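Engineer: As a plain string of letters, each chain reads:
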Amino acid sequence: KNQVEQSPQSLIILEGKNCTLQCNYTVSPFSNLRWYKQDTGRGPVSLTIMTFSENTKSNGRYTATLDADTKQSSLHITASQLSDSASYICVVSLERSNDYKLSFGAGTTVTVRA
Amino acid sequence: DTEVTQTPKHLVMGMTNKKSLKCEQHMGHRAMYWYKQKAKKPPELMFVYSYEKLSINESVPSRFSPECPNSSLLNLHLHALQPEDSALYLCASSQDAVSLVDEQFFGPGTRLTVL
Chain X
1 KNQVEQSPQS LIILEGKNCT LQCNYTVSPF SNLRWYKQDT GRGPVSLTIM
51 TFSENTKSNG RYTATLDADT KQSSLHITAS QLSDSASYIC VVSLERSNDY
101 KLSFGAGTTV TVRA
Chain L
1 DTEVTQTPKH LVMGMTNKKS LKCEQHMGHR AMYWYKQKAK KPPELMFVYS
51 YEKLSINESV PSRFSPECPN SSLLNLHLHA LQPEDSALYL CASSQDAVSL
101 VDEQFFGPGT RLTVL
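Residue numbers (this note's numbering), protein chains in the order written: chain X, 1 to 114; chain L, 1 to 115.
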């Protein structure tokens, strides 16, 4: 069974601080890994997408890393802002043609406090 | 235009009602998806349309009926729903369902409450 595990489930940080979210996956064969940000009651918005050969990718204050050998990814948020409060979802896709499924993690809920 | 739009934003319906959710994209994407998301859970895939044809039905009950009138529009017809069907319904699209590198763009969702 393909699985994507995220940790922590939730975290609270002070505005201006940094934080790192973790994603471990057992999806195989692996195609790509995406991080989405989802505000409450809204659809997910893509932050980064990385393929097997990419180790790191940045999008503003968000930096994702990928270790395909250990099947781990992290999302680092730098200098957090109140607007960063959201759920962050790790999504992994299979490297199989005609397979439309994405494996979603349960998400990490981040709360940024002033 | 890089948006996926969904209407309505909120919907409250009784178990005997018939209603429809609508999704629209004008990015030229040929794959469109319906997901169901319960609170604090990841989205669950319901249906996939590829080139306007239903290609995946994840064993969804027949009280949910998808329709793809054209390449830009995706509907989800609802009839005789149960309270446990209350959830956020997300629509997504991607350039080509077959290519797994293509990113899925999500709409803002419709918050459905079944009384």
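Careful, some of the hints might be misleading.
[Stated by the list, open to error] One side only, chain L facing chain X, incomplete, derived with CB under 10 Å:
| id | residue |
| --- | --- |
| 1 | Val-4 |
| 2 | Leu-11 |
| 3 | Phe-106 |
[As the list claims (entries may be wrong)] Now the in silico label distances, taken between C-beta atoms and shown as ranges:
| id | chain 1 | residue 1 | chain 2 | residue 2 | range |
| --- | --- | --- | --- | --- | --- |
| 4 | X | Ala-114 | L | His-79 | 44 to 50 Å |
| 5 | L | Ser-65 | X | Ser-58 | 41 to 47 Å |
| 6 | L | His-10 | X | Ser-83 | 34 to 40 Å |
| 7 | L | Glu-52 | X | Gln-3 | 41 to 47 Å |
| 8 | X | Gln-81 | L | Met-15 | 40 to 46 Å |
| 9 | X | Ala-114 | L | Ser-59 | 44 to 50 Å |
| 10 | L | Lys-40 | X | Ser-58 | 25 to 31 Å |
No lab work stands behind these hints: they were computed from the structure.
None of these values were measured; they are calculated from a predicted model.
Yeah, the Cβ is synthetic: ideal placement off N, Cα and C, and Gly gets one too.
Engineer: Which hints, by number, does the structure contradict?
Structural biologist: Structure breaks hints 2, 6, 7.
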